[in-house]
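Place chain B on chain A using the hints.
The lines below spell out each chain.
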Amino acid sequence: MIADEQTLSRLMAASQRGDKRAYSVLLDEAGKWLTRYYRRRIAPDQLDDLVQDVLVSLHRKRASYDPTRPFLPWLAAIARYRWVDHLRRAYRNQEQAIDTEEPSEPGDQDAVLARISLERLMENLPPAQADAIELVKIEGCSIREASERSGQSESLVKVNIHRGLKKLAALIEKAE
Amino acid sequence: MTMNNSSREQGRNRLIDELTEDLTPVRAFNPRDGVALVAGALALTVSGIAAIAGLRAGLGTTMPSPYFLIANLLLLGVGLAAATAVVAMAGPRVGNRHDAPKWALAMAAVLPLAALASLAGQGHVESDMMHDAAGWRCMAYGTVDGLLAATAMVLWLRRGAPVSPERAGWWTGIAAGGLGSAAYGMHCPVDTLAHLGIFHMLPVLIAGIAGRIAIPPLLRW
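Protein chains in written order, with the working numbering: chain A, 13 to 188; chain B, 891 to 1111.
Pulled out of the complex, with its shape left as it was, chain A reads as follows (with noise of 0.2 Å):
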């Protein structure tokens, strides 16, 4: 179980602080909420290097953080900027498993976290970007690979993944 949304502000608040026993239970729970969080929308094997990048950011940039306001917008705001930025830098040709499991989390539905959710901000992109990002840079197919699945030209997914991460950096606080 995760802990709330209150939980977490108050945690992070006595972590500004200098709270470190505050602070290692929030990077606990934070690591947990992240790892749920990219679940699917990242290759299975770059979900912890992603998850410790977006806690070391989370600890270098914690002055950012206004303690009047929510915490997992703020934490999603960071990790959305670091997965657009992974996928970026990710260029993968062997093909991944993504792991199907369902989140076994009951909050997954919680109004809150979808409006900060990766797929809500995947659906911002149009589905022919969206698909070439999702083989490519997130299944990790090779770009011949998604050509045949997707049904666009090689160039057209090249072209497409570019659109769309520059869509996706340009988007990164938008909820709705």
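Warning: the hint list may mix true and false statements.
[Unchecked claim] One side of the interface only, derived from the structure: several residues of chain B facing chain A at Cβ under 10 Å: (1) 899; (2) 903; (3) 905; (4) 913; (5) 915; (6) 917; (7) 982; (8) 1051.
Derived from the structure by calculation, the hints contain no laboratory data.
On a predicted model such as this, the values are computed, not experimentally measured, just so you know.
Built from N, CA and C at the ideal position, the CB exists for glycine as well.
Below, chain B without anything else, positioned relative to chain A:
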């Protein structure tokens, strides 16, 4: 697989221990600090202009022309709206919107359009623009006078966590151009529509483009 999971867990726990050990108190994000920083930069800029170039005659004692008021209030509005967006961008949050500067820009765009239409109606846009030496000077000084505010905003953003560096670059440049030109307007004695609508508005465009090009590399994290 289980060993893999276990070693990953160990790696994450080790990282959490290191980060916890490294924890020091920080001053939490407060937008008021950012606003104060930009306001301080603007106050310094106006003081500098007053000390070096001097304020225009009659400022504060006589009623200024309507064009002076409209132009400088629009510039100030654009500058403040964009600066406020920049301040907010340092504290990211899914659900943040930064639309205010777009509306302020749309309103301010009326002035250069009116100036160009007025000159075009008289049939001498090019000659009036090319021979207005004071105009080009105002454009240059208005742009340069935004540098202090731009520096303050970049420092503020670097302390924060902007997740849209390109947009932050645009708004920082536009804010600096608007505030710098409004500040220089306290010195400029020319009150014509053409002069204010073109040469006092150009710094917003120039600084906006410069901000978009120069600032994002300074903000990536």
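Check each numbered hint against the structure and report the violated ones by number, ascending. none
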